[in-house]
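Listed here are the chains, written in short residue letters.
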Amino acid sequence: MLKYIIQRIIAAFCTFVVVVVVVFFVLHFMPGEILDLSPKIDRSVRELIMAKYHLNEPLIVQFGYTMRDYLRLDFGYSLKVRPGVPVMNVVLERLPVTIQLNYFSAIVILPFGMIFGILMAVKKDTIFDHISSTIVILLISVPSFVLAALMQYILGFKLEWFPLILEAEPHLTWTKFYSMIMPILALSFGGIASIARTLRAEMAEVLTMDFMMLAKAKGLTYRQTLLRHALRNSCVPLASTFLYLFLGVLSSSLVIEQIFGVPGLSKTMMAAINGHDHWLTMGIVIFYCFIGLFMAILADLSYGVVDPRIRMGGKKDE
Amino acid sequence: MNDFQVCMENGEPLSQELLNIPKSELQQVVRKEKITDVEFKTESVSYGKDVWRRFIRSKVTIVATTVILLIVVMGIIGPYLSPHDYLTQRWDLKYMPPRIPIVEKLGILDGTRVLEVQVNDVESYGDAVVEDLGTFETSSAFGKGIMARIRVNMYVYNGVPDTYFWFGTDAVGRDMFARLWQGTRVSLILAFAVVAINLSVGLVVGAICGYYGGWVDLIIQRLMDVVWNIPSLPLTILLIMLFGTGIAPLILAFCLTGWMGTANGVRMQFYRYKNREYVLASRTMGASDTHTMFRHILPNAIGTVITQSALSVPGVVFQEAGLSYLGLGVQAPNPSIGVLLSDGQKVLMDYPFMIISPGIVIVLLMLAFNLMGNGLRDAFNPALRQ
Numbered sequence: 001m002l003k004y005i006i007q008r009i010i011a012a013f014c015t016f017v018v019v020v021v022v023v024f025f026v027l028h029f030m031p032g033e034i035l036d037l038s039p040k041i042d043r044s045v046r047e048l049i050m051a052k053y054h055l056n057e058p059l060i061v062q063f064g065y066t067m068r069d070y071l072r073l074d075f076g077y078s079l080k081v082r083p084g085v086p087v088m089n090v091v092l093e094r095l096p097v098t099i100q101l102n103y104f105s106a107i108v109i110l111p112f113g114m115i116f117g118i119l120m121a122v123k124k125d126t127i128f129d130h131i132s133s134t135i136v137i138l139l140i141s142v143p144s145f146v147l148a149a150l151m152q153y154i155l156g157f158k159l160e161w162f163p164l165i166l167e168a169e170p171h172l173t174w175t176k177f178y179s180m181i182m183p184i185l186a187l188s189f190g191g192i193a194s195i196a197r198t199l200r201a202e203m204a205e206v207l208t209m210d211f212m213m214l215a216k217a218k219g220l221t222y223r224q225t226l227l228r229h230a231l232r233n234s235c236v237p238l239a240s241t242f243l244y245l246f247l248g249v250l251s252s253s254l255v256i257e258q259i260f261g262v263p264g265l266s267k268t269m270m271a272a273i274n275g276h277d278h279w280l281t282m283g284i285v286i287f288y289c290f291i292g293l294f295m296a297i298l299a300d301l302s303y304g305v306v307d308p309r310i311r312m313g314g315k316k317d318e
Numbered sequence: 001m002n003d004f005q006v007c008m009e010n011g012e013p014l015s016q017e018l019l020n021i022p023k024s025e026l027q028q029v030v031r032k033e034k035i036t037d038v039e040f041k042t043e044s045v046s047y048g049k050d051v052w053r054r055f056i057r058s059k060v061t062i063v064a065t066t067v068i069l070l071i072v073v074m075g076i077i078g079p080y081l082s083p084h085d086y087l088t089q090r091w092d093l094k095y096m097p098p099r100i101p102i103v104e105k106l107g108i109l110d111g112t113r114v115l116e117v118q119v120n121d122v123e124s125y126g127d128a129v130v131e132d133l134g135t136f137e138t139s140s141a142f143g144k145g146i147m148a149r150i151r152v153n154m155y156v157y158n159g160v161p162d163t164y165f166w167f168g169t170d171a172v173g174r175d176m177f178a179r180l181w182q183g184t185r186v187s188l189i190l191a192f193a194v195v196a197i198n199l200s201v202g203l204v205v206g207a208i209c210g211y212y213g214g215w216v217d218l219i220i221q222r223l224m225d226v227v228w229n230i231p232s233l234p235l236t237i238l239l240i241m242l243f244g245t246g247i248a249p250l251i252l253a254f255c256l257t258g259w260m261g262t263a264n265g266v267r268m269q270f271y272r273y274k275n276r277e278y279v280l281a282s283r284t285m286g287a288s289d290t291h292t293m294f295r296h297i298l299p300n301a302i303g304t305v306i307t308q309s310a311l312s313v314p315g316v317v318f319q320e321a322g323l324s325y326l327g328l329g330v331q332a333p334n335p336s337i338g339v340l341l342s343d344g345q346k347v348l349m350d351y352p353f354m355i356i357s358p359g360i361v362i363v364l365l366m367l368a369f370n371l372m373g374n375g376l377r378d379a380f381n382p383a384l385r386q
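For the protein sequence lines, the chains are U and R, in the order given.
Note that our numbering has the first sequence beginning at 1, numbered continuously upward.
Note that our numbering has the second sequence beginning at 1, numbered continuously upward.
I should point out that these hints are in silico values taken from the structure, not numbers from a laboratory.
This structure is a prediction, so every number in the text was calculated from the model and none was measured.
One thing to keep in mind: the hints can contain errors.
Examples of chain R residues toward chain U, derived with CB under 10 Å [what the hints assert, rightly or not]:
1) L70
2) V72
3) I76
4) Y80
5) S82
6) V317
7) S342
8) G344
9) P358
10) L371
Chain R stretches covered by chain U per the calculated footprint, using a threshold of three residues with CB under 8 Å from any CB of chain U [to be verified]:
11) 153 to 161
12) 234 to 246
Okay, the calculated beta carbon distance ranges per label pair [claimed, not checked]:
13) R295/R with M209/U: 32 to 38 Å
14) P263/U with I146/R: 25 to 31 Å
15) L133/R with W161/U: 20 to 26 Å
16) G275/U with W228/R: 27 to 33 Å
17) I5/U with S200/R: 32 to 38 Å
18) V114/R with K123/U: 18 to 24 Å
19) S200/R with E57/U: 40 to 46 Å
20) R272/R with G275/U: 35 to 41 Å
Using N, Cα and C, we set each Cβ at its ideal position, and we do this for glycine too.
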């Protein structure tokens, strides 16, 4: 087990290095100057920045300097999007709203997805199952941004139930949460549908297995057999889905953030890329990558936790 | 010990007459024809035929396939059906509401729009006013005023009563109908190209890894481990920023990691089947590696691969649309479904018709591909074979 974890971490570290190198060189090969010659920037400031990032040196030397800074956890300063603010602070500042949005929708997705999945498996081939399966396919097929536009127009504009865009309050207050309902819903439907679909398929299979009969024979109630034996077994393939839920939402929220005017991390990244704010872009991409790799390792390990039969590394005694 | 008794078919004992036939009348029966097994009445069914039969058995799958074919056909001929070109800009006719010849008599899609104007201005609309919806009061910084709500035929108002834009026009007066199908064409070309590249690269790499194994497999697997976990969205965005927006960079960005799923699936199948007896037999009889790989092992994997590909087509359309929302989609004069959607999103409150038609097409497309993918999966599933 330990060997496996170490293997995974080494692979993840390689990925991380590759991403850092690729992002650095892609960014610096991009057309356009890092420092534009706008008169707003004072000459002395310009020289300071040039000196700080060694912009006169060859690219490879610049890369070396940047890496040295990164090792000291110094991620540089934002130059254009938030001039003068350390990248770390920008990320930490924009992160809460993105995380709130993602995790609220994950909180919506998990129970609803599981309840619908279980119900559909239990009531397989009934009217309920057919109707819900249709709805699930529909929800998987409707892109979240089309759904968002639809909700924005009908619920927000015509019925005026919810505000059209996110409130700009700095902290999570009731009004802000209220304005977050629509983006949360837009993010949730697809997730609910895909979890319900997978869980239904898995559980329908588990329910026909012999050990379910045994569980019933030894005197467990239906509810007990369902929750203790069927659900746990059908969750094995879903373990990583649950984890990726947090990651997947993280990336799909980019468009949703754009539509609902959420000042989140993804929006900042777009601004940074468009404005050639290289250090901010790198910081955010590296942050995304770090979270992604962490989640991937966690997902792999979670298989072993959920299902003790799976022993990774291929050896019996590990 | 005389239990054995010969009897008639209906169970009655044989009559005395039959039991006492004289020996001279008995005669040995000799079959003149050779005895053979009965020939199968049913025709023999090949695997492909069987798959096809199960594929067309589901009505949902047939409907889905028909919808896909319709959309593909419209993607090919759609832009030419409209009397207007998808690039011609008419600045005097921007944001014209949809107007379709026969349907307009039903009161929908008749090129009208509800406007709120000052009462004094109503007359300037002249003949164009179709319906008066009453007046209401407003108060603004300039004091109170009475506004009238009128339904105006925008085509008459703009002096082109005989023009029909079936799905309306966009911000610079381009025909939405032609643009919609041109956009569908671009999105579909992109999706099919990406899927085709992913499929062929994935098949070859997966086959090599699975069949040969050893250090080739090890190196490719480690490389894939590294690349697989790169968060695709930031990388896609960076690539597009580097190479510019357009179809080719988009294809490159989508293919960068897309082939790995196929490769992994194919590799698994090859691992499972490469040591089977029939593969060994094929090799003993002198078949080349390529022959063994693609004629004997690959057909086992083909079902899952095809299903996966069908299911990944809507994914590409979806991703492209997502990128278009960020302004990173297909290049400007050329529309794609995503570009149309994001254009519509910008004027959602005032001109909702802009987002409705591309929205319907993308939903239909994704729905149909998902349903057809499910149908394919069932059709290829040997457990359901009858």
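Structure-based check of all given hints:
1. L70: violated (16 Å)
2. V72: Because about 17 Å separates V72/R from the closest Cβ in chain U, which is outside the 10 Å limit, the hint is violated.
3. I76: Hint violated; I76/R Cβ to chain U Cβ min 23 Å, cut 10 Å.
4. Y80: The hint is violated - Y80/R has no Cβ within 10 Å of chain U, the shortest such distance being about 27 Å.
5. S82: Hint violated; S82/R Cβ to chain U Cβ min 23 Å, cut 10 Å.
6. V317: This hint holds: V317/R lies near chain U, its Cβ roughly 9 Å from the closest one there, short of 10 Å.
7. S342: With a minimum Cβ separation of about 8 Å from chain U (threshold 10 Å), the hint on S342/R holds.
8. G344: holds (7 Å)
9. P358: holds (9 Å)
10. L371: holds (7 Å)
11. 153 to 161: Violated, because only 0 residues of the region 153 to 161 of chain R bring their Cβ atoms closer than 8 Å to Cβ atoms of chain U.
12. 234 to 246: Since three or more residues must qualify, the claim that chain U covers the region 234 to 246 of chain R holds, with 7 doing so at under 8 Å.
13. R295/R with M209/U: 32 to 38 Å: holds (37 Å)
14. P263/U with I146/R: 25 to 31 Å: violated (40 Å)
15. L133/R with W161/U: 20 to 26 Å: holds (24 Å)
16. G275/U with W228/R: 27 to 33 Å: Check passed, 30 Å falls within 27 to 33 Å.
17. I5/U with S200/R: 32 to 38 Å: This hint holds: roughly 36 Å between Cβ atoms.
18. V114/R with K123/U: 18 to 24 Å: For V114/R and K123/U the Cβ distance comes to about 46 Å; the hint is violated.
19. S200/R with E57/U: 40 to 46 Å: Since S200/R and E57/U have Cβ atoms about 43 Å apart, the given range 40 to 46 Å holds.
20. R272/R with G275/U: 35 to 41 Å: violated (51 Å)
When held up to the earlier numbered hints, the structure conflicts with 1, 2, 3, 4, 5, 11, 14, 18, 20 and fits the remainder.
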